[in-house]
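J.: Protein chains in written order, with the working numbering: chain A, 1 to 451; chain B, 1 to 451.
Because the hints were derived from the structure by calculation, they are not lab data.
By construction, the Cβ of each residue, glycine as well, lies at the ideal position given by its N, Cα and C atoms.
Treat the hints with care, since some could be wrong.
As the list claims (entries may be wrong) - With the Cβ distance kept under 10 Å, some of the chain B side facing chain A (calculated, not the full set):
1) 134
2) 366
3) 373
4) 377
5) 405
Said to hold, decoys possible - Computed footprint of chain B on chain A; a stretch qualifies when at least three of its residues, placed anywhere within it, have a C-beta under 8 Å from a C-beta of chain B:
6) 337 to 345
7) 411 to 419
As the list claims (entries may be wrong) - Across the chosen pairs, the derived CB separations fall in these ranges:
8) A:437 to B:299: 54 to 64 Å
9) A:437 to B:403: 54 to 64 Å
10) A:414 to B:395: 35 to 45 Å
Here is how the chains run, residue by residue.
There are 2 protein chains.
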Amino acid sequence: MGEKAPFLDYPVVILAAGEGTRLRRERDDLPKPLTPVLGLTLLERALLSWVEAGARRFYVVVGWKGDWVATHAREVARRRSLDLEVVDNPHWEEGNGTSVLAARDRITSPFFVSMVDHIFQPSLVDGFVQQVMGKTSTTMAVDPRVTKVFDLADATKVRLEGDRVVDIGKGILPYQAVDMGLFLFGPEIFQALEEARCRGDGSLTGGVKRLVSQGKVEAVRLEEGFWTDVDTPQGLEYAKKELLACVACSRDEGWISRHLNRHLSRWITARLVSTPLTPNHITFMAFLLAVTGGCLFALGKLGTTLLAALLVQAASVVDGCYGEVARLKFMSTPWGAWWDTLLDRYADGAIVLGITWGYSHSHRGTWPWILGLLSLLAFVLVSYAKKEYALRFGHLPHGDAGDKLTRRDLRLFVIFLGGVVNRPFWAMVTVAILSHLWIGWALWEKRKGKV
Amino acid sequence: MGEKAPFLDYPVVILAAGEGTRLRRERDDLPKPLTPVLGLTLLERALLSWVEAGARRFYVVVGWKGDWVATHAREVARRRSLDLEVVDNPHWEEGNGTSVLAARDRITSPFFVSMVDHIFQPSLVDGFVQQVMGKTSTTMAVDPRVTKVFDLADATKVRLEGDRVVDIGKGILPYQAVDMGLFLFGPEIFQALEEARCRGDGSLTGGVKRLVSQGKVEAVRLEEGFWTDVDTPQGLEYAKKELLACVACSRDEGWISRHLNRHLSRWITARLVSTPLTPNHITFMAFLLAVTGGCLFALGKLGTTLLAALLVQAASVVDGCYGEVARLKFMSTPWGAWWDTLLDRYADGAIVLGITWGYSHSHRGTWPWILGLLSLLAFVLVSYAKKEYALRFGHLPHGDAGDKLTRRDLRLFVIFLGGVVNRPFWAMVTVAILSHLWIGWALWEKRKGKV
Chain A
1 MGEKAPFLDY PVVILAAGEG TRLRRERDDL PKPLTPVLGL TLLERALLSW
51 VEAGARRFYV VVGWKGDWVA THAREVARRR SLDLEVVDNP HWEEGNGTSV
101 LAARDRITSP FFVSMVDHIF QPSLVDGFVQ QVMGKTSTTM AVDPRVTKVF
151 DLADATKVRL EGDRVVDIGK GILPYQAVDM GLFLFGPEIF QALEEARCRG
201 DGSLTGGVKR LVSQGKVEAV RLEEGFWTDV DTPQGLEYAK KELLACVACS
251 RDEGWISRHL NRHLSRWITA RLVSTPLTPN HITFMAFLLA VTGGCLFALG
301 KLGTTLLAAL LVQAASVVDG CYGEVARLKF MSTPWGAWWD TLLDRYADGA
351 IVLGITWGYS HSHRGTWPWI LGLLSLLAFV LVSYAKKEYA LRFGHLPHGD
401 AGDKLTRRDL RLFVIFLGGV VNRPFWAMVT VAILSHLWIG WALWEKRKGK
451 V
Chain B
1 MGEKAPFLDY PVVILAAGEG TRLRRERDDL PKPLTPVLGL TLLERALLSW
51 VEAGARRFYV VVGWKGDWVA THAREVARRR SLDLEVVDNP HWEEGNGTSV
101 LAARDRITSP FFVSMVDHIF QPSLVDGFVQ QVMGKTSTTM AVDPRVTKVF
151 DLADATKVRL EGDRVVDIGK GILPYQAVDM GLFLFGPEIF QALEEARCRG
201 DGSLTGGVKR LVSQGKVEAV RLEEGFWTDV DTPQGLEYAK KELLACVACS
251 RDEGWISRHL NRHLSRWITA RLVSTPLTPN HITFMAFLLA VTGGCLFALG
301 KLGTTLLAAL LVQAASVVDG CYGEVARLKF MSTPWGAWWD TLLDRYADGA
351 IVLGITWGYS HSHRGTWPWI LGLLSLLAFV LVSYAKKEYA LRFGHLPHGD
401 AGDKLTRRDL RLFVIFLGGV VNRPFWAMVT VAILSHLWIG WALWEKRKGK
451 V
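Bound-form chain A, shown alone (with noise of 0.2 Å):
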């Protein structure tokens, strides 16, 4: 999480000159850069979407009203520590190969050139990265899925022989798939933009059109990951869907996360990621709301404990937010991942207390609490085993389905089912007898599968 990728020596031209009409009826007089989209602004988006994929060197190209978005560029920059120029181009209402022809003083490498109003999964530029790294001439991504293109109509298509680009615009035919807005050019683009444009065509796609048709132009797949072009205020609101969508389920979840905490966590989520809350702020509730539970599971009572279940499964809604608007806002830390990590255990420390001493009102002894203490021991020790085992063996135990029957994400829906018919410490007790048959089988599977 949060790791980047080698750093990337050639720069990242941004455009984000135009006007964005159709987008801007809604909205006033707002740039369509600034225009925010799940907490974070397009302009903000692509620039971590890069930073992510290990670029360091930016050239932010704005137009109209250019002073606005380059204030804005810059903020982010100093806020993220980027290293990021302001291009200015004048010539914007002439298409936006004006803006990659403005920022041609600066540049001495080859570049990679993306869209504001592209909005990528993160690993989509990285794909896209990792597959061009090396070559110097012109390559294009391209998305052979053109059935599932928001909207097709509107899309610059490309027609392929191989990996050749062999013509490309809005209204070819045949197309094998779409123009995803993302390039990397060596200098001869220069040439080709200024040709395109003395014959009255100031688009990057018709300069591209000139080095397509001298066979230049290379095209590379991309068939994974979500991607789409934001024009309208309908396309924006079908790409916050879809980004929250991706998000969600992009990373090994268990059972219980994936087919019911995540529709509810989305949700909370597209609420939070427009809120200052960080998502360590929200690690934090996610623990203060099983401590919670954990003094409501405390006092035993009927009512109560149904109030401790809800809250306990909040608990583990709401921890699976603290990934969602991680990523959608590019916040993970390794401290925040440790901070999470560690938040989790003293929860199930706090959860496992409450049930216990609810429990000891009503049943007297000692037997309780040594069922108690068990059960922590085997709450932490699951997660501690798993993580001893993958440093040593470099897999989980049991594979896949056995990770997941041991996560947070079921352990605690047990629980709350637990708590809704009232026994919750018997479903916490079976949770902890099952994880130490678990650990046990793991240890016994291992030795003897040695020599």
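With the hints as your guide, set chain B onto chain A.
T.: Chain B alone, transformed into the frame defined by chain A:
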């Protein structure tokens, strides 16, 4: 632990043909390579030191009582899955140079040579291999710590000019270092050995001396770690003592382990290595001691508490034997390390449970149990937090001292002291509170450090 260096292409020739008269006096007919040293014969120890340095192909040259030694060599090879061939040297009485010549026909590349009666801390062999990697001509390991050599009079000395050996022999003067009996040879050694043999010197030193006179021998200085040549019963005793000492403090350890437990564990280890008990059995013994201690604590009487305290400290000592035996007998495995870590956590659980239970006899109510639960959480989480921290930041929180402060050896020692003064519960709770504070401190420190 137990990680192997990359595969070594060059074979290793182990010279095991001599009669070892001086050592044999006490042992009747036992051939020298079969002399047991802390649980392994000299031959098995020599082979495994090389295996740990990455070697995979062996020639063992036998002579005196060759069948007996050959049988043992093959048995070791089968048990440890080594690629090993036995080479018979009918001329062994002429000197150990003839043993290298006996392997001549099988060798097509540069090769390593070491003596069966030289005992090395394995890191030394590894150090030699690392330094000669890629060389093809004769290189020998020398030790410049001449004052530390056990039987200097009997040692082969070398005179050096820079890294070049200019003279070699038992009686030369002056000399700067001592021959350690680790060689990398190219094919030129065979010719040199033949020539020396013709002149009546069948020793390996004779052959090396000829190469030295041609200026063809380089030296690699190894200045750290224990090694010795075992020729006499006194030398054997010295070797055992030093090997135990260097194995018992070769790794990062807690303060109590190092300054208290080691004196006891070393004594126990010296006895355990000769039994068929594996390191994994020893871990389990330590676990049983801790669990028995926990049970005795649970009785809550003065006498049993004292006994329990002693058992807990004994568990801590025996836990140290695990690593010592594993290293001495080359039996470290990933499974063993995992098993040890998990059993330690379960043992801690048993101790906390026992102490809390014992205390609850005289102090009714829920609060002893609440403190018990929080103590268990502290003991497991402090290890967990360190592991997760190291994974994310690549070092331990609060550095080396911070690590030692929260090691299990110190924790168990405080509980032992608490038990001795009949206050195990408060000793446990104190350590637990400090552990929780330590975790909080680590979180806070790192939080401050981040942007």
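J.: Next, verify each hint and record whether it holds.
T.: How the hints compare with the structure:
1. 134: Where the cut-off is 10 Å and the nearest Cβ of chain A is about 28 Å from residue 134 of chain B, the hint is violated.
2. 366: 6 Å, holds
3. 373: OK, holds: residue 373 of chain B within 10 Å of chain A, min 5 Å.
4. 377: Status holds, d = 4 Å.
5. 405: 18 Å, violated
6. 337 to 345: That given contact holds, which follows from 6 residues of the region 337 to 345 of chain A lying within Cβ reach (below 8 Å) of chain B.
7. 411 to 419: violated (count 0)
8. A:437 to B:299: 54 to 64 Å: 29 Å, violated
9. A:437 to B:403: 54 to 64 Å: Distance hint for residue 437 of chain A, residue 403 of chain B is violated at roughly 32 Å.
10. A:414 to B:395: 35 to 45 Å: 37 Å, holds
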